[in-house]
Structure formats: structure tokens, C-alpha cells
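K.L.:
This is what each chain is made of:
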Amino acid sequence: MKRLSLFIALFSATLPAIAATPTVGQGLNVIAIVMFLVFVASTLLITRWAARNTHSVADHYAAGGKITAMQNGWAIAGDYMSAASLLGISALVFTSGYDGLIYSIGFLASWPIILFLIAEPLRNLGRFTLADVVSYRLQQRPIRAFSASSSIVIVLLYLVSQMVGAGKLVELLFGFNYTAAVVLVGVLMVIYVFFGGMLATTWIQIIKAVLLLAGAGFMAFMVLGRFGFSLNTLFAEAIAAHGKHTAIMSPGGLVSDPVSAVSLGLALIFGTAGLPHILMRFFTVADVKAARKSILYATGIVGSGYALIIIIGFGTIALVANDPLYHNASGAVIGGVNMVAVHLAHAVGGNVFLGFICAVAFSTILAVVAGLTLAGSSAISHDLYAKVLRQGTATDKDEMRVSRMTTLVLGVLSILLGILFEKQTIAFIVSLTFSIAASSNFPVLLLSIYWRGLTTRGAVVGGSLGLLTAVLLTVLSPTVWVQVLGHAKAIYPYEYPALFSMLVAFAGIYVFSVTDKSARGARERGAFRNQLVDCELGLIKRQ
Amino acid sequence: MEHLAATYPPSGDEATSTPLPPPNPVLSNPAFQALVRARRSFAYTLTTLMLAVYFGYILTLAFNPALLGRPLTPGQPMSIGIPIGFGMFAITFFLVALYVHRANTVHDAMIHAIREGAAK
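Taken in sequence, the protein lines are chains A and B.
Going by the working numbering, the first residue of the first sequence is number 1, and it counts up by one from there.
Going by the working numbering, the first residue of the second sequence is number 1, and it counts up by one from there.
Possibly wrong hints are sitting among the right ones.
Unchecked claim - Pulled a few chain B residues facing chain A out of the computed Cβ check, cut under 7 Å: (1) ALA43; (2) LEU72; (3) SER79.
If you're looking for bench data, these hints aren't it; they were derived computationally from the structure.
Here a beta-carbon is modelled for each residue, glycine too, at the ideal position from N, C-alpha and C.
One chain only, chain A, in its complex shape (with noise of 0.2 Å):
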């Protein structure tokens, strides 16, 4: 508790000095600030109940499993919804229209592909991590040591993003100055996850999805008001005020060649199931039914609010893209095109809305990023510390250290690497962390549950196969081969990589597990068969 209110002390002194500092923005919107602080102020009080009711390992990652489905199904589309869902995707159709729904469409896909092949397994299986799972029959310290690390790349990559995002957003937003903005995500996610653990985590991402999805059906529903709630007159006004014309009722350019349609296709379908901070959701919940419930309860919210999130992508069309008053004297919208939504939030309800918005997409970094930090810690202090390295004899006391060492260190490292890559391209970046999770945790998780020839040698080459199949390719792809390193041409064609090194992931794991002759490759083979009681009836006692 002591340690708690010196980060609080610590966190206030910051902030003068970040309301203080003078940007080329909006300038400070003081609504949107004092909304955004009673914000923190929630999420730090929250935190601190949750401090006290966290005493285990098991509190601590997964909140001793007492979360209960709807409050789950909330928390996964508060992790699943960033602020790039509605930016991003609003933007997109903004400057694309219909090609907006097509990738709202992948990420929905892959939550049923979760719930019928991955989410009933994991639960019965594992305790914390996914890595639980996979080293349920095969050798401990390899499976882990590959599992933890391919999910600490994830979980870096993503944080890379999701911090640039924040600091960019809250540059534009607030007005503070970027790296401020940044070092303030870092600091406050570093504490609800050091103190409040999973049982924080948890209640922000359902304020945070609560307050998502307000936002956005109060956006549609006055967008929609505006046109007579009529789609059909919405529909013509953007066509009317866009460029494009009626190209913007059909797809685009998005996917344009038919490998990288699939390609992308695969990253957002299969990527989700190999998303740790994910699927370490499905261990807060009490059974496999709360489980599967909570699956369920997601996919209709982040349904509803990617449904909400294209028609404010319409609105923006026809109410933002011609008012002179979001545009600067080049005619460019004001903060650039990720910030039309937050345009038309003014559009529809002038400033105090626009201030809830503002604090809105904040609160979605930070619940995204807090998620994010505990699933990079768990796999640190649960597999690489307390599992490999000190074999299972690590107390719970010690395990617990170790994890919130691992998130300051994490803290610490995400606030460094977002400002390291203030300046680059990282479009690329969250194509590239679901290509990974396709090509390593997803094929490693998928066999080790239904195959059972799986061995420790094949899922270790095999999925670091893919997984490194999955770098090198958007490497050589022309997004960052050609757009980030400047070269002329690119050497792989493709957008995307997921086709191939899906491809490559799986070819290496069957290949390298069949000519495993070792006495221990048949031995994880032969203990397949008591897995399979496990899985199908769920008897692992968990304490």
C-alpha cells in the first residue's frame, strides 16, 4: 500500500508539468482533461480495492478465477477493442468506405474458431498461460522457453504499437507533449498491473468497454438522427461528399491481390487464438461453461460496437469530410485522418462529447496496455522463471515478485521503445504481431490439443519456423522493405504473410515431430491419451 501511494505521488508531480506543456494541437481541452481524470481517478481506486483482495499467484494472474462470464465477455472486448478500432477503422472507411468492413468482419471471424477449437481445452488444460497447455505432455523447459518467449514478442510488438498510438493520440487529444504522454500510459499501466494484477485489469477493461460501446451507439444514434434514421439517405450523403463517389458502397484497394487476401485473411482469423493476453482470459473465469459463455457475450458486443464504429465511418463521410471547421488552411483534416471520429463526436455533441471521446479512446489504450503487461509478465515469471528456471520449486511468494519486477521492467521498456519509434512507420506493426501469432503459439496450441503426434522437437522447430517466417517476410514485403527502409522494390510481393508462414509453421511441426525417434518424443506420444481424458472432462485440480 505504501509503495502504492508513492507511485501515486509520483504520478501527480508529473502532471503539472505535462498539463503545462504547450503543443501545436487543439491546444488543452479542459473538458476532455477533466474527464480523463476522473477516469484515473476510478481506475486508481479500483486498483487499490483490488490490491487488497489480490493475496496468490492464482489472484494475481488470473483473479482467482472469479470473474463471471458477462464481466468476462466484457473484458475480452474491452482487451480485443484498442483505440484502433474506432480510430482506425473509422478512418478507414472515411477514406475508403466500404474496405472498413472488411477488416471489422476478419476480427470478428476469429472468436468463433476460438470457442469451437481453442477455448474449452485451454481452460480444462491450463492454469495461466497458454504455455500450461502445450507443456501439459511435452518437455517442461523447451516448450515453455519457446512458448514464453514467442509471446513476449507479441506482447512487445504490440505494446510498440499501442504506445505510439497513446502518445500520438494523447499529443493531439490532451495537448500534452508526446513523450509525456507516453511515459503517463507507461506509468499508470504499470501500476494497476503491479498492484491490482488480473482483478484490476480486469475492471478497467470493462469500464473501459462499457464506456466504448456508450460512446459510440450515442455517435451512430445521432448520426443516424440526423438522416431521418434512415441508412439509405446516410448512404447518399456520403456518396455526395466523397470523392470517390458510389466507389465508396464497393470494395477497394485493400485487398487487391488474391494471396494477400488470404494472407490477411489468415493473420486475423487464426492470429486471435495465438494472442496471449487473450486467451489468458479464459483462466478468470470459474469453469468451462463461464468460459464459453463469456465468448459469447464478447462476440455480440464487439459485434455491436464494430456495427456502431462503420456507421460512424459513414458519418464522418458525410458530416466531417466537407466542414471547413475540422480542416486546416491546406484543406487536410485537422490531426490527420485517424482523428475524424473524434471530429465528428463534436459534430453531434459539441464539446462536452467531444471531451468523452477524447477520454474514451484513452481509457482504451490504457485497459489495452495494462492487459498487455500482464500477459508479458506472466510469461516471464509463471514459465521462463518459476517453470524453467527454477523448475517448479519457486514459491508463490517469489513468483510474485518476480512478475511485478517484470512489469516494471516492461514498463520501463515499452515507455523507452515508444519513444525510440516516435518517428517510424509502424503501420505494419499489427499486421505483423497477429502474422506471428498465426504462424507460432496458434499451430503449437492447435496440435498439441488434437494431434498426437505432436512432439517437444516439432513444436519447438516448427513454430519458431513460423514465427520467424512470419518476421522475415513482412521484412521483405513492400510495407516495410520498400515504404520503411526505402528500397526499390520489394523482394517478398505480398502484403501480408500469414499464407506462407502458417504454411511453413505447420509443414516444420508435422515434419520434425514424425522423425522424432527419441524414447521421449514417443513417450509425449503415449501420453496423448490421458491428455485427452483431461481436455474432454475437465478434472485438473487447479490449487
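We have chain A; now place chain B onto it with these hints.
P.N.:
Quick look at chain B alone, frame taken from chain A:
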């Protein structure tokens, strides 16, 4: 239900030195085998359905985008792609709801019966 209850199996390096535990007796229980078959065939069917619908949509985008751009009714701005896109949300939710309903009723009852039976 003692012989059924599992704790975490021997793990890590100790796993290679201890003999493989005998098969769990429930494996030869016909009710258990029926459960595994019912669950897996249902999950695989729904997965195939979801992937077919999703990649059908993605491949239409890639090969015939103009199809989705056609107006739903001539003279109106709404294109065919809009109801199809929102329909994708609806299908996704429907498949999830279908799975949850069946798992809550049929599969959970089978699991319960097997656990009860084994406990006797």
C-alpha cells in the same frame, strides 16, 4: 471418482525418467468415446462452415469486388456488399450462439453423466 481425478502429470525432466502412467480407464468407456465423437464432429463442422463463409467472402472481394458493389435495388445507394457485410456479423454471432447452446445442453449433460458414472 478417485481413479478419475487427475492432478498435473509428472512434468519436465522427471517425465522422461518415470514410466508412462497407465491409460485412464474412462478411455474405454463407450459414453466417453461418444462424447469425444459428438463434440469433435460438431466443432469441426462449425469450424468448416465458418471458414467457408469467411473465405468465400474474402475470395469474392479478391476476385469479383464489383459483385459486392452492385446496388441492392436500382437507384438506391445501398450496395449488395453492405447487407452481406453486416450479415457476416450476424452469421458469426449465430454460429457462436449455436455452439454455446448445444454445449450447454447436450455436451455438458454427457460430461456430467460420465463423471457421475465413474464416481460410482
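K.L.:
Restraint: B/ALA43 near chain A, CB-CB cut 7 Å. Satisfied or not?
P.N.:
This interface hint holds because 4 Å falls under the 7 Å limit.
K.L.:
Against chain A, with CB atoms and a cut of 7 Å, does the hint on B/SER79 hold up?
P.N.:
holds, 4 Å
K.L.:
Any CB of chain A closer than 7 Å to the CB of B/LEU72?
P.N.:
For B/LEU72, the interface hint is violated, since the closest Cβ of chain A sits about 9 Å away, which is over 7 Å.
The structure shown violates just one earlier hint, number 2.
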